[in-house]
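Q: In order, the protein sequences belong to chains A and B.
With numbering that gives the first Met the number 0 as the guide, the letters of the first sequence map in order to residues 0 to 163.
With numbering that gives the first Met the number 0 as the guide, the letters of the second sequence map in order to residues 0 to 211.
Each hint should be verified, as a subset may be incorrect.
Below, a list of computed lysine-lysine pairs in the DSS-like style, where the Cα atoms sit at most 25 Å apart [to be verified]:
1) B:193 / A:115
2) A:150 / B:120
3) B:85 / B:120
By construction, these hints were calculated from the structure, which means they are not laboratory data.
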Amino acid sequence: MSPDKEFLAQLQAHERIIHKVCRIYQDDLHDRQDLFQEIVCQAWRSYPSFRAESRFPTWLYRVALNTAITYFRRQRRRRQADPADISMRLHPPEDPYAEQAERMYAAINRLSPVDKAIVLLYLDDCSYEEIASVMGMTRVNVGVRLNRIRKRLREDCEEPDTTL
Amino acid sequence: MELEDLKTQLNRRLEGPVGAGLPDLDGRPPRSHSMLLRLRRNLWIEFGLYVAALCLIAIQAHRHPSTAIRIFNITAAVCMVALMVKLRQVIRRIDEHLRSGPSVRDHLASLLDILQAYSRKYLYLSVGFALFFTIYMILLEYLFPTQMQGAVPPSGTAEVPVWVFVAVAFVLTLLFTGLIYLLARAYIWWMFGKHIRRLREALQHFDQGPED
Numbered sequence: 000m001s002p003d004k005e006f007l008a009q010l011q012a013h014e015r016i017i018h019k020v021c022r023i024y025q026d027d028l029h030d031r032q033d034l035f036q037e038i039v040c041q042a043w044r045s046y047p048s049f050r051a052e053s054r055f056p057t058w059l060y061r062v063a064l065n066t067a068i069t070y071f072r073r074q075r076r077r078r079q080a081d082p083a084d085i086s087m088r089l090h091p092p093e094d095p096y097a098e099q100a101e102r103m104y105a106a107i108n109r110l111s112p113v114d115k116a117i118v119l120l121y122l123d124d125c126s127y128e129e130i131a132s133v134m135g136m137t138r139v140n141v142g143v144r145l146n147r148i149r150k151r152l153r154e155d156c157e158e159p160d161t162t163l
Numbered sequence: 000m001e002l003e004d005l006k007t008q009l010n011r012r013l014e015g016p017v018g019a020g021l022p023d024l025d026g027r028p029p030r031s032h033s034m035l036l037r038l039r040r041n042l043w044i045e046f047g048l049y050v051a052a053l054c055l056i057a058i059q060a061h062r063h064p065s066t067a068i069r070i071f072n073i074t075a076a077v078c079m080v081a082l083m084v085k086l087r088q089v090i091r092r093i094d095e096h097l098r099s100g101p102s103v104r105d106h107l108a109s110l111l112d113i114l115q116a117y118s119r120k121y122l123y124l125s126v127g128f129a130l131f132f133t134i135y136m137i138l139l140e141y142l143f144p145t146q147m148q149g150a151v152p153p154s155g156t157a158e159v160p161v162w163v164f165v166a167v168a169f170v171l172t173l174l175f176t177g178l179i180y181l182l183a184r185a186y187i188w189w190m191f192g193k194h195i196r197r198l199r200e201a202l203q204h205f206d207q208g209p210e211d
């Protein structure tokens, strides 16, 4: 299999990672799509450096987070909401936790870019070692930061949300 | 409600497609808006311009009758080559950065370093160019004074003293160089100021240790 095809196959298998990163770092639908293309482009460029020392998802998380955190585009005049987000608000799924998840999602969106990355990796069941390797931190640092983030999210979710 | 309790709901919410599909990679890199790629392209354009300027300086140094101007041109050419070497180093660092897949912290630090290195080089280059250009013009005017067409040649009694010429030249050099420095700074701030600030903020966030 040629390297391009091999890369595409790997990317297709882990496409959801890019979708997650795009969703958490951009609010606007067009910005999300642009960021998606940018991550694919950056992953394609740096794929030769992937030497299977780490798992492909871990490597892809690194590339995607690096691109998303340093993705600076001029703010669009009109923001276009993602239809998936709207339909979720208008027709919430039959889930007792849906409203709380919505509130938690909003609270995560208010975190700093670095904290968002840690939460994203944590939600994907990455171990502390993996999070530390992707972020370039120590394992202890990851643990302390996650505790702080949990505390902050708890406080944010308890407060009545006035932004909506 | 804790983060752990909502893992499934949040994952489901985040995993939804964002409306963009994977492109066909037929050996060509997909179109990118990356700031680093744009910077790399600009650096190559600048590099080409310096090569052209270097050729002109070399021709001038070869042909000009005045030894002072020739020595001045050769010095300028040497300085320019040194700057081009530095510029090439920045390009090489960008290439290395684009090829590697570093951790988030290393990526931010490396990107900030590249932007700061480029900003410094751009400022040095602009100020150096302004200095060179002003001194060159003044030297030319001193060695080969221009005369107004049809004007009567000076009789020799109304010549400008050397110290006045030097003082005026010094003030003009200072003014022009200062102006170019300010313009270059404003340009750098407009191009990368926001990026540098955000990168510094993100790195500061990383450096807040667990004991803080």
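Q: Check each numbered hint from earlier against the structure, then list the numbers of those it violates in ascending order.
A: 2
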